[in-house]
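Enquirer: Numbers in my numbering are just positions in the sequence shown, counted from 1, shifted up by 58.
In short, the hints are calculated from the structure, not lab data. Predicted model only: the values in this text are computed from it and were never measured. Beta carbons: idealized from backbone N, C-alpha and C, even for Gly. Keep in mind that the hints are not guaranteed to be accurate.
Unchecked claim - Here are the computed lysine to any residue pairs in the SDA-like style, where the Cα-Cα straight-line distance is at most 20 Å:
(1) K173 to G112
(2) K173 to R110
(3) K63 to R110
(4) K794 to M699
(5) K556 to F478
(6) K754 to G789
(7) K395 to R559
(8) K353 to T240
(9) K754 to H671
(10) K173 to Y64
(11) K63 to S80
(12) K63 to V153
(13) K754 to S680
(14) K794 to R710
(15) K246 to L114
(16) K556 to G434
(17) K794 to N775
(18) K402 to F478
(19) K353 to L637
(20) K246 to K173
(21) K557 to Q543
(22) K754 to R739
(23) K557 to L614
(24) K63 to A166
(25) K754 to R710
(26) K754 to R672
(27) K754 to T692
(28) K173 to T66
(29) K246 to V194
(30) K353 to T393
(31) K246 to F200
(32) K246 to N116
(33) K395 to L407
Unchecked claim - What follows is a list of derived Cβ distance ranges for each label pair:
(34) V582 to A140: 40 to 48 Å
(35) R242 to R594: 28 to 36 Å
(36) G322 to N116: 30 to 38 Å
(37) I65 to N116: 14 to 22 Å
(38) R242 to A493: 52 to 60 Å
(39) F574 to L407: 24 to 32 Å
(40) V85 to I225: 56 to 64 Å
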Amino acid sequence: MTFKKYITPLALGALVVTFDISVAFDVPVIRQIAGFMVLTFLPGALVLRVLRAGSLCNISRMLYAAGLSVAGLMLTGFLLNAFLPLVGVAGPLSVAPLLAAINILIFALLVIALKQGSLPSGILGVISRPRVAGLVSPPVLFSLTLPVAGVIAPLADNSTGSNLGYILLFVLIALAVVLAATGRIPVKTLPLTVMAISLALIAHFVFLAYPFHTFGGGDRGWEFYLSQLVITNSSWQPSLSHAINAMLAVTLLPPVYANLLGIGLDWVFKIIISLVYSLIPLALYQIYRRQISEKGAFLAVFFFMSLPVFFTLTRSISRQSVAELFFVLLLLLLTDKDISRVAKSVLSLVFGAGVVVSHYGITYILLFYMLFALAGLHVISRLPLGRFRPGGVDDLDAQGDRLPRTGGLSFTFVAFFAVFALGWYTYVSGSVNLATVLNLITQVYYESFDPSVAPGEIVQLAIGVQQPRPYFWVYFNAVVQHVAQFLIILGFLGVALKKTRAGFSPDFAMMILASFLVLGLYIVLPYLNYQFQVFRVFHLTLFFLSPLCILGAESLARWLSGLSRLPRRMRSLASANRLLLPMLIMYFLFYVGLVYELTDTPLASVDTPVLFHRFRDSGEPSQKEMYYVSRLSTADHAAVMWLARYKEGATRVYSDTGFFRSFLAPYPMPATELTASSDPREVEGGLIYLRVLNLKDGYLGNGADYYDTGETSQILNDIHQRRSQVYTNGGSAVLK
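Using the sequences and the hints given, assemble the complete structure.
Expert: Okay, here's the thing in structure tokens:
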């Protein structure tokens, strides 16, 4: 019995030592796999044991462990960077200090947990011993094929240019949803299926570019550049005035993973951050199943994942991917009744701080949600239950005849969150992030009341003000979108009028209302769309609104089945599954572009991999631009790497604007050395970079306005006469 007590700590210690040895001798594969498990799950799992978190289910325990571990890595890096230089240690974020700190942390937690007697007899206590029969069941094996297909599809596209892999992947995902909704995939396997779909969708976009370490535009270039600075210097310089520099999800988390796992920073962004981000749908499934049902939760999560922002986000804005993980874990805490009070308080503080140091935009949105929920619950708590109670709101904690003031959200936590955010953005980022939001508020206030500023095209399509392009399948897509919106509104009315069986916590119910308010602001304040793309905000609101789509379908099915005037056969067909499944499948297939590909529908713009071949073969420069942003050509990549190494002290590098932000910044070339110029004849001194789009396709431009091929040819001839070519690879060139 005494020896059995030490089985778990010995096994965990052996895992850590194995990782240490693999780091010391740089053992490939073992270092990466063991390191990922140790860094991403082990510290958090031990913290949960030390806190005696309660009788958590395996999934919740794993999710909390991941969130705590990721936050712990950022905190460890921050403390090492702050204090080791004070005692004369250079390179506080190099491998040796990081590895020593992680070992001290893990073994200290092991000792504390062992003394408490809180370690289980099984390894980690995170996952129960699986049954072999369950692991090889057809539903499990089918689910496991999805992420494999998600990796193979883009790799096949990279090598052959064929999109057949994407078509097969999307058909398999749609089939998985149908099997789950009809009960062919059992309820106990639904979490695995959710995770499999999540990984497949993320992988099919993440592995798209070739070479692997190229980036798809957005802020990723600056994120990579700032992370690379930390790795190069083995330290983080918080004094660097840049809005992203204060975000530890960029400046500390990727360098810590890269140094300890012994992999390139590009692989951290593409693989490690993506794996962490893929946990979000699983957390949403946990949240939804507590408030509706397991099958309804699965369909709601699939609805959430169908929006392209979900599977494109990790490729363009990594820090938001990490912030959303902490965001969803806070929501999971709000709905978790199994976790102990102490653990809930500690985890709330950790995850709240994690949001703040990961993404300032998500921080402000979360603060708005929490303030709105607190204010709303304060008002509702004064109303008698007999007069007003939102239907579907779980009032098990109500006392007397009034709703509780709050569920899991407290004024103390919201105050901590606001003060911590204010302090971090004032003293660490040098008020850059605060100035950004203040400027945004000022611009939105003045510009939104300008009658010449109209809501964006997507908003106008959503509210029916603007007609879609005159093609049948584009119209049909608009109908599907409006059906989804109708079901969300119907679900909300069902909750408000007590017509659903949902058990939303009071906090969650108020955040649902806040989501409608946020989306409404895009109609009355149209300038918002020019600062925050409505799709990204809609993606965030779906954290709360996705279950309403399912509840709306159930309400509609009940209403139709109760109509006596309908024929009996029609009433029998009016089930939630039969109403909802076709809409969800079509919603998904439209957004991933499969319907447009199979019907060869002309489109003004497409942004999914199955349709990227249209960019490649297009005669429109803007579409070719998007193709090259999605995948950096081999010639461009080779030229960028040469330029980063041999720019010979040039003070400036000039390129057309479509390229310099996304691909020159990460390698690393500071922004002060990069200048956009759509006409290289206008610049003096420095180096001029000409990419494949310029030389092979004959376009120069800024992403919105391009010279035609004749004008481009004349410009290139002129510039070659004035400057000498110092590098060329047949596709790209550098001129001096």
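Enquirer: Next, verify each hint and record whether it holds.
Expert: Hints, verified against the model:
no., hint, verdict
1, K173 to G112, "holds, 18 Å"
2, K173 to R110, "holds, 13 Å"
3, K63 to R110, "holds, 17 Å"
4, K794 to M699, "holds, 17 Å"
5, K556 to F478, "violated, 38 Å"
6, K754 to G789, "holds, 7 Å"
7, K395 to R559, "holds, 19 Å"
8, K353 to T240, "holds, 9 Å"
9, K754 to H671, "holds, 17 Å"
10, K173 to Y64, "holds, 11 Å"
11, K63 to S80, "violated, 27 Å"
12, K63 to V153, "violated, 33 Å"
13, K754 to S680, "holds, 15 Å"
14, K794 to R710, "holds, 11 Å"
15, K246 to L114, "holds, 16 Å"
16, K556 to G434, "holds, 18 Å"
17, K794 to N775, "holds, 15 Å"
18, K402 to F478, "holds, 18 Å"
19, K353 to L637, "holds, 15 Å"
20, K246 to K173, "violated, 35 Å"
21, K557 to Q543, "holds, 18 Å"
22, K754 to R739, "holds, 19 Å"
23, K557 to L614, "holds, 11 Å"
24, K63 to A166, "holds, 17 Å"
25, K754 to R710, "violated, 24 Å"
26, K754 to R672, "holds, 17 Å"
27, K754 to T692, "holds, 13 Å"
28, K173 to T66, "holds, 13 Å"
29, K246 to V194, "holds, 14 Å"
30, K353 to T393, "holds, 18 Å"
31, K246 to F200, "holds, 14 Å"
32, K246 to N116, "holds, 12 Å"
33, K395 to L407, "holds, 17 Å"
34, V582 to A140: 40 to 48 Å, "holds, 44 Å"
35, R242 to R594: 28 to 36 Å, "holds, 35 Å"
36, G322 to N116: 30 to 38 Å, "holds, 33 Å"
37, I65 to N116: 14 to 22 Å, "holds, 19 Å"
38, R242 to A493: 52 to 60 Å, "holds, 54 Å"
39, F574 to L407: 24 to 32 Å, "holds, 29 Å"
40, V85 to I225: 56 to 64 Å, "violated, 39 Å"
Comparing the model with each earlier hint shows violations of hints 5, 11, 12, 20, 25, 40; every other hint is respected.
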